[in-house]
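Participant: Based on the sequences and whatever the hints tell you, model everything.
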Amino acid sequence: MGAISKPLLLAILCCIVCLYSSSGGAIVAAARELGGDAAMAARHERWMAQHGRVYKDAAEKARRLEVFKANVAFIESFNAGGKNRYWLGVNQFADLTSEEFKATMTNSKGFSTPNNGVRVSTGFKYENVSADALPASVDWRTKGAVTRIKDQGQCGCCWAFSAVAAMEGFVKLSTGKLISLSEQELVDCDVDGNDQGCEGGEIDGAFQFILSNGGLTAEANYPYTAEDGRCKTTAAADVAASIRGYEDVPANDEPSLMKAVAGQPVSVAVDASKFQFYGGGVMAGECGTSLDHGVTVIGYGAASDGTKYWLVKNSWGTTWGEAGYLRMEKDIDDKRGMCGLAMQPSYPTE
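Here the sequence shown stands for residues -24 to -1, 1 to 326, numbered as in mature numbering (1 follows the signal peptide of the UniProt record, and there is no 0).
Hint data in this document are derived by calculation from the structure and do not stem from the laboratory. Backbone N, C-alpha and C define an ideal beta-carbon position, used for all residues, glycine too. Hints may be right or wrong, so weigh each one.
Under the rule of at most 30 Å between Cα atoms (straight-line distance), these lysine-lysine pairs were calculated in the DSSO-like manner [as the list claims (entries may be wrong)]:
id, residue 1, residue 2
1, 78, 101
2, 250, 153
3, 32, 101
4, 208, 250
5, 32, 284
6, 37, 78
7, 45, 59
8, 311, 32
9, 37, 126
10, 119, 32
11, 119, 45
12, 208, 45
13, 208, 59
Derived Cβ-Cβ restraints for the label pairs, each shown as a range [stated by the list, open to error]:
id, residue 1, residue 2, range
14, 36, 124, 26 to 34 Å
15, 46, 106, 46 to 54 Å
16, 220, 294, 26 to 34 Å
17, 205, 46, 29 to 37 Å
Facilitator: This is the structure:
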């Protein structure tokens, strides 16, 4: 075969350049996309191993990967903004859509006013406490009045965890004993009114059940199972702690809530629509007030930048938030509080 002439060689080179110019960008982009997908798939595998996630088949795994990718993109975009007082994390809920998260991790019934529209309580014992006498900050963990972070699993009984955490603090402060009490007793046995186990319930309803039934047994005696079960009356009869009443903090009144929290841990209901990926910092900014999750305020304080916050105990395990806790901005313009936190606070009494 003869040598290629110089004019023909130049023509071939020109064709190659033109071909790359027209399609080379697309090829590089496709390669990057493939590389990105591979990296995200590997990241998903690591996340699965970290959180013990197993899917029923390849189709479910592929669908969860797509949800994971979308959630990671949202989290990274939020954090990259640099204007927020808090940040998001790729936590145990990263393969759930927002709808799935709400259905499995919050009170699907939402929080309404119990007892036929009237929130029955025995008054507000902190009414006459002077605001000037309140400490600048409170953290009931430092007083040994808060049990470990618990995990409700995929059971919508946050109402029970909120009430129990407030009662555990109350019992510690009134008797000197910190006892981990049984949420499962409430899930299984408190089912005659608005409270329906994993399907949702009311915090005041939990207090009323505890009051009417003479107390609550210990968690060790009636362990948590994260599912509805038949009431174990023998176990429930072994009462570990009791209350003599419960009170509601005046609604939409953060100064009154501050008085109560300075005296003991307080149960509250919140709109948890912003909670799914919370990683740390002081949650601030726009938030709804459609109450769908029960938590417990165990203190208050101020961040290094001066932002005032409520210190809140959640029930989603230690891999969520700040080792299971979160901070929410305090004393905001909306009287209902951050995410409705000041709308329905209550606490047990002696």
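Participant: Now tell me, hint by hint, if it's right for this structure.
Facilitator: Going through the hints against the structure:
1. 78 x 101: Not OK: residue 78 and residue 101 at ~35 Å, beyond 30 Å, violated.
2. 250 x 153: This hinted pair is violated, its Cα atoms lying about 35 Å apart.
3. 32 x 101: violated (53 Å)
4. 208 x 250: The given pair, whose Cα atoms are some 36 Å apart, is violated under the 30 Å limit.
5. 32 x 284: violated (45 Å)
6. 37 x 78: holds (21 Å)
7. 45 x 59: Measuring from Cα to Cα gives roughly 23 Å; hence the hint holds.
8. 311 x 32: It is violated: about 46 Å lies between the C-alpha atoms, which goes past 30 Å.
9. 37 x 126: holds (28 Å)
10. 119 x 32: Given pair residue 119, residue 32 is violated - Cα atoms ~45 Å apart, limit 30 Å.
11. 119 x 45: Not satisfied, since the Cα-Cα distance of roughly 42 Å exceeds 30 Å.
12. 208 x 45: Outside the cut-off at roughly 43 Å; violated.
13. 208 x 59: The given pair, whose Cα atoms are some 51 Å apart, is violated under the 30 Å limit.
14. 36 x 124: 26 to 34 Å: Given about 33 Å between the Cβ atoms, the range holds.
15. 46 x 106: 46 to 54 Å: holds (51 Å)
16. 220 x 294: 26 to 34 Å: holds (33 Å)
17. 205 x 46: 29 to 37 Å: Hint holds: Cβ distance 36 Å, inside 29 to 37 Å.
Going through the hint list in order, the structure does not satisfy hints 1, 2, 3, 4, 5, 8, 10, 11, 12 and 13.
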